[in-house]
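**Student:** Could you put together the complete structure from these sequences and hints?
Protein sequence lines, in the order shown, are assigned to chains Y and Z. Here the first sequence stands for residues 1 to 143, numbered as in full-length UniProt numbering. Here the second sequence stands for residues 1 to 646, numbered as in full-length UniProt numbering.
Check each hint, because a few of them may be wrong.
As the list claims (entries may be wrong) - Distance condition first, Cα-Cα at most 20 Å in a straight line; then the derived EDC-like pairs of lysine to aspartate or glutamate:
| hint | chain 1 | residue 1 | chain 2 | residue 2 |
| --- | --- | --- | --- | --- |
| 1 | Y | LYS62 | Z | GLU464 |
| 2 | Z | LYS279 | Z | ASP479 |
| 3 | Z | LYS528 | Z | GLU507 |
| 4 | Y | LYS62 | Z | ASP250 |
| 5 | Y | LYS62 | Z | GLU458 |
Stated by the list, open to error - Cβ-Cβ distance ranges computed for the label pairs, FRET-style:
| hint | chain 1 | residue 1 | chain 2 | residue 2 | range |
| --- | --- | --- | --- | --- | --- |
| 6 | Z | ASN155 | Y | TYR57 | 55 to 61 Å |
| 7 | Z | GLN375 | Y | LEU127 | 47 to 53 Å |
| 8 | Z | ARG642 | Y | LEU143 | 25 to 31 Å |
| 9 | Z | GLN253 | Y | THR18 | 34 to 40 Å |
Worth flagging that the hints you see were computed from the coordinates, not collected in a lab. Positions of the beta carbon are idealized from the N, C-alpha and C atoms, including for glycine.
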Amino acid sequence: MTPTLLGRWQTRILLFLTVGLLLTLPFGLGWIGPGGTAFFAILFYLLGLGLGWDVLYIYLQKFRWDQDWPAAYQWLAALWEGLVIVLLFEAMAISLPGVDAEAFQLGWFLLHYMVVWVGIFLASQSLMRLLFLHWRFRGGQWL
Amino acid sequence: MATSSAPIRLSWQDPSTGEQRLPHLSPPIALGREFTHMPVDWQGQRVSRIVLNSGQVSRFHALLTWENDQLRLQDQNSSNGTQVNGGRQTDCLLNHGDVLEIGPYRITLLLRDDTDLGANRVRGDSVILIADPIPEVAPVTSAFPPPFFQSRQVNIQALYATQYPVEEVDYGALGAGLGSFVWVDLLRLCGVSPQQVRVIGLEAQPYARYQRLCLNSQIPAHERLRSNSDSCPDNIWGWPGYALREAWHDFTQGQLRSVGYRLWQVFAEPTFAETYTPKSGRVFASIDREATRIGWPQMYRFGRIRAIRQTDDGRYAIAYALGRGQYAFLVARYIHLATGYPAIQFLPDLQDYRERTQDFQVVVNAYEAHDHVYQALERQGGTVLIRGRGIVASRILQRLYEARQRNPNIAVLHLMRSPKPKGNQFQYARRAVSNHFELQPFNWPKACWGGTLRSQLEQAGPEERMRLLADWGGTTTADRGDWQRIVQAGLDEGWYQVGFGTVTRVEPDAQGCPLTFIQEMGLKGEIKLEANFIIDATGLDGKVKTNPLLDELVTHYNLPLNLAGRLAVTNDFELVEMRNHKGRMYAAGAITFGGPYAAVDSFLGLQYAALCAVNSLAQGRAPQLRSLHGWHSLAQWCKWARNQTP
Ligand SMILES: Cc1cc2nc3c(=O)[nH]c(=O)nc-3n(C[C@H](O)[C@H](O)[C@H](O)COP(=O)(O)OP(=O)(O)OC[C@H]3O[C@@H](n4cnc5c(N)ncnc54)[C@H](O)[C@@H]3O)c2cc1C
Numbered sequence: 001m002t003p004t005l006l007g008r009w010q011t012r013i014l015l016f017l018t019v020g021l022l023l024t025l026p027f028g029l030g031w032i033g034p035g036g037t038a039f040f041a042i043l044f045y046l047l048g049l050g051l052g053w054d055v056l057y058i059y060l061q062k063f064r065w066d067q068d069w070p071a072a073y074q075w076l077a078a079l080w081e082g083l084v085i086v087l088l089f090e091a092m093a094i095s096l097p098g099v100d101a102e103a104f105q106l107g108w109f110l111l112h113y114m115v116v117w118v119g120i121f122l123a124s125q126s127l128m129r130l131l132f133l134h135w136r137f138r139g140g141q142w143l
Numbered sequence: 001m002a003t004s005s006a007p008i009r010l011s012w013q014d015p016s017t018g019e020q021r022l023p024h025l026s027p028p029i030a031l032g033r034e035f036t037h038m039p040v041d042w043q044g045q046r047v048s049r050i051v052l053n054s055g056q057v058s059r060f061h062a063l064l065t066w067e068n069d070q071l072r073l074q075d076q077n078s079s080n081g082t083q084v085n086g087g088r089q090t091d092c093l094l095n096h097g098d099v100l101e102i103g104p105y106r107i108t109l110l111l112r113d114d115t116d117l118g119a120n121r122v123r124g125d126s127v128i129l130i131a132d133p134i135p136e137v138a139p140v141t142s143a144f145p146p147p148f149f150q151s152r153q154v155n156i157q158a159l160y161a162t163q164y165p166v167e168e169v170d171y172g173a174l175g176a177g178l179g180s181f182v183w184v185d186l187l188r189l190c191g192v193s194p195q196q197v198r199v200i201g202l203e204a205q206p207y208a209r210y211q212r213l214c215l216n217s218q219i220p221a222h223e224r225l226r227s228n229s230d231s232c233p234d235n236i237w238g239w240p241g242y243a244l245r246e247a248w249h250d251f252t253q254g255q256l257r258s259v260g261y262r263l264w265q266v267f268a269e270p271t272f273a274e275t276y277t278p279k280s281g282r283v284f285a286s287i288d289r290e291a292t293r294i295g296w297p298q299m300y301r302f303g304r305i306r307a308i309r310q311t312d313d314g315r316y317a318i319a320y321a322l323g324r325g326q327y328a329f330l331v332a333r334y335i336h337l338a339t340g341y342p343a344i345q346f347l348p349d350l351q352d353y354r355e356r357t358q359d360f361q362v363v364v365n366a367y368e369a370h371d372h373v374y375q376a377l378e379r380q381g382g383t384v385l386i387r388g389r390g391i392v393a394s395r396i397l398q399r400l401y402e403a404r405q406r407n408p409n410i411a412v413l414h415l416m417r418s419p420k421p422k423g424n425q426f427q428y429a430r431r432a433v434s435n436h437f438e439l440q441p442f443n444w445p446k447a448c449w450g451g452t453l454r455s456q457l458e459q460a461g462p463e464e465r466m467r468l469l470a471d472w473g474g475t476t477t478a479d480r481g482d483w484q485r486i487v488q489a490g491l492d493e494g495w496y497q498v499g500f501g502t503v504t505r506v507e508p509d510a511q512g513c514p515l516t517f518i519q520e521m522g523l524k525g526e527i528k529l530e531a532n533f534i535i536d537a538t539g540l541d542g543k544v545k546t547n548p549l550l551d552e553l554v555t556h557y558n559l560p561l562n563l564a565g566r567l568a569v570t571n572d573f574e575l576v577e578m579r580n581h582k583g584r585m586y587a588a589g590a591i592t593f594g595g596p597y598a599a600v601d602s603f604l605g606l607q608y609a610a611l612c613a614v615n616s617l618a619q620g621r622a623p624q625l626r627s628l629h630g631w632h633s634l635a636q637w638c639k640w641a642r643n644q645t646p
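**Tutor:** Laid out in structure tokens, this is it:
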């Protein structure tokens with residue numbers, strides 16, 4: 001799928017609020033790790049920041065002749081987006097509503113982030129196409 | 001020597017359609033993007049204004065004038081400049097054979113008129129119809145279709161009165177090629193029963209013609225196409241793509257290295273790995289499976305379509321010939337027209353050569369059956385001249401490389417119009433180039449299929465569409481490691497040479513071999529190239545006028561054509577002028593090029609057109625049709641996976 005900005009936004013919102021939320025449940029409810037609402041809050045920060053990153057990615061696509069976004073770039077972007085959260089709460093120790101920097105546990109965050117990301121990636125590579133025929137022809141717009 | 005008012009000839013290939021242009025013009029000649037921005041007169045002389053529609057061309061880009069019997073070029077302060085024989089020039093004198101580069105346009109100047117070029121023939125002449133297995137024998141002026149087909153609308157009773165068989169259904173697909181197949185496939189997934197669909201064409205297998213063109217252009221079953229993993233004519237979801245399927249197959253064979261490589265390809269392409277493309281044989285096999293699943297043989301009717309008419313009850317009547325004096329009619333409310341490329345484009349000088357010498361063996365087109373060339377070369381060696389530098393030229397070169405393994409006395413001359421030091425530019429990006437081949441994984445930039453470029457083209461007006469197509473188009477080939485190695489090896493070992501210049505004429509020598517006369521770039525003069533064979537690898541022609549059926553339809557209903565000379569369709573791929581009460585007519589494939597979508601002639605493009613058409617039918621509440629969304633779509637996919645009828 002070769003994304004457009006609207007497509008990126010729609011796909012990100014849908015997948016974070018479905019697959020992302022579902023995969024965060026076991027972390028939030030404490031079935032995996034220490035539990036706590038911070039996992040949900042972090043998911044929303046990832047989503048909110050992500051909508052901003054999407055604007056940057058679309059700009060970068062214009063420098064590629066094919067204006068595409070290879071799967072490998074999705075992973076590089078994921079690394080970057082995770083890193084920013086780590087910088088924010090771990091390195092700079094900034095507390096934001098819902099996330100107390102003191103209580104931020106890097107190991108559990110990384111595990112949570114990885115699970116959510118792989119889940120979203122796989123869903124975007126398969127399930128999205130099966131549910132929404134137009135999705136891949138409209139740059140990721142499913143609405 | 002030219003005198004100060006002598007006309008000159010400009011020669012170029014249109015970057016969006018691939019068509020050859022050869023206008024005869026009298027300087028002063030203005031070149032630019034907008035007709036109205038170029039001067040009408042210059043020093044009291046009328047200016048010939050030539051529109052070069054590209055974002056890289058300024059509104060008034062350059063002016064050509066006679067000055068003391070010399071042709072002078074003046075760049076009009078253009079943003080991207082004018083290159084002459086590869087060097088940027090603002091004001092200079094020009095010679096016979098010089099090449100001007102303006103944006104994506106490469107224009108050769110022919111000042112002396114000793115050139116033949118087949119230029120006197122009407123351009124549309126220079127094509128050969130694609131050979132179908134059943135040639136049209138009876139002249140179309142015969143008794144069929146009956147005289148009442150002369151009217152604008154026909155009456156159903158009149159059809160029955162002819163005593164020829166008549167079938168009435170809801171949905172009719174015309175062509176029975178890949179475009180018809182993906183449309184019918186989608187109809188079946190959306191709930192339409194096979195009883196309500198008829199497909200008319202000349203071959204039972206939907207890929208028959210495509211396969212023939214592939215084989216002719218040297219892509220046998222084990223060779224790879226130029227197609228994305230998730231461009232699957234047998235699977236509208238594109239999942240699992242061919243890469244995943246191939247990986248799974250290799251896994252079951254225990255070939256784990258290959259599994260890893262295929263998965264890595266689709267993950268990292270095109271930046272970190274060579275783009276994955278499927279083997280043609282696998283694509284055909286997958287289509288066979290899907291054709292059986294949806295009941296294609298039940299819906300298919302053999303026949304050559306002679307005419308399409310509106311009926312007076314809001315439907316369409318299709319008159320078709322079955323051969324041996326047998327005829328039939330199909331009546332349907334919803335029609336899908338996908339007749340593919342009507343013709344093979346042939347370089348005019350080569351077409352002339354064949355007509356003059358009646359020798360169809362030594363000068364061939366890459367899309368015609370021409371295996372005898374390789375067989376002869378393998379037997380006795382010789383020299384081949386290739387014209388054109390697209391993907392087909394790459395394939396031919398690969399085939400010649402293979403022939404050289406059997407007989408090393410084979411040499412290849414690759415003739416190009418001009419060097420290509422850098423590729424097309426669009427916004428911030430430039431297409432890559434290697435050894436004068438422009439590189440691109442597919443025939444359009446990838447975002448044309450579903451990304452930013454798709455929506456940009458859809459929103460653009462007719463003029464702007466042509467401009468965008470010129471900027472994104474042009475002849476390209478895929479960046480394949482094996483091809484790069486072959487070219488490099490050929491250049492190093494000396495059996496492969498690239499030459500630049502414009503062909504002035506092709507003539508037989510005493511031995512009956514074709515001699516090509518070339519005007520080399522700049523002042524180098526004329527040279528002669530001897531070859532045993534010439535292969536024209538320049539392309540296919542999709543203009544409506546070349547197809548008798550479409551030409552008749554367009555004339556009869558006075559249908560508009562778009563700026564590329566193809567059928568004008570809406571963003572839903574509908575031919576609105578053909579609307580007939582509830583009746584609707586759609587089109588797909590090369591015959592719609594120049595409209596809302598660039599990659600119309602590709603598997604994925606055919607699927608896109610089918611989706612748009614079926615969507616618009618669903619909105620109009622066409623019978624039995626339910627749009628394929630959400631769980632309904634997932635359920636249909638499960639049936640596909642289990643190979644159950646939809
Ligand atoms: C060599 C080659 C390689 C290609 N490789 C790829 C690739 O790798 N990936 C990709 O996505 N695309 C590829 N394409 C482009 C495209 O997918 C194919 O050309 C495809 O076959 C187009 O489908 P179509 O239905 O438009 O035309 P076709 O498949 O050619 O079908 C049109 C049919 O209409 C029939 N017809 C025409 N007029 C009449 C009439 N009057 N009566 C009855 N029948 C009629 C013809 O006989 C033909 O069977 C390739 C094209 C070529 C030529």
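**Student:** Give a verdict on every hint.
**Tutor:** Going through the hints against the structure:
1. LYS62(Y) <-> GLU464(Z): holds, 19 Å
2. LYS279(Z) <-> ASP479(Z): The given pair, whose Cα atoms are some 17 Å apart, holds under the 20 Å limit.
3. LYS528(Z) <-> GLU507(Z): Cα-Cα ~10 Å, so holds.
4. LYS62(Y) <-> ASP250(Z): violated, 37 Å
5. LYS62(Y) <-> GLU458(Z): holds, 18 Å
6. ASN155(Z) <-> TYR57(Y): 55 to 61 Å: holds, 59 Å
7. GLN375(Z) <-> LEU127(Y): 47 to 53 Å: The hint (47 to 53 Å, Cβ to Cβ) holds, given that GLN375(Z) and LEU127(Y) are roughly 51 Å apart.
8. ARG642(Z) <-> LEU143(Y): 25 to 31 Å: holds, 30 Å
9. GLN253(Z) <-> THR18(Y): 34 to 40 Å: holds, 37 Å
When the structure is compared with the earlier hints, a violation turns up for hint 4 alone.
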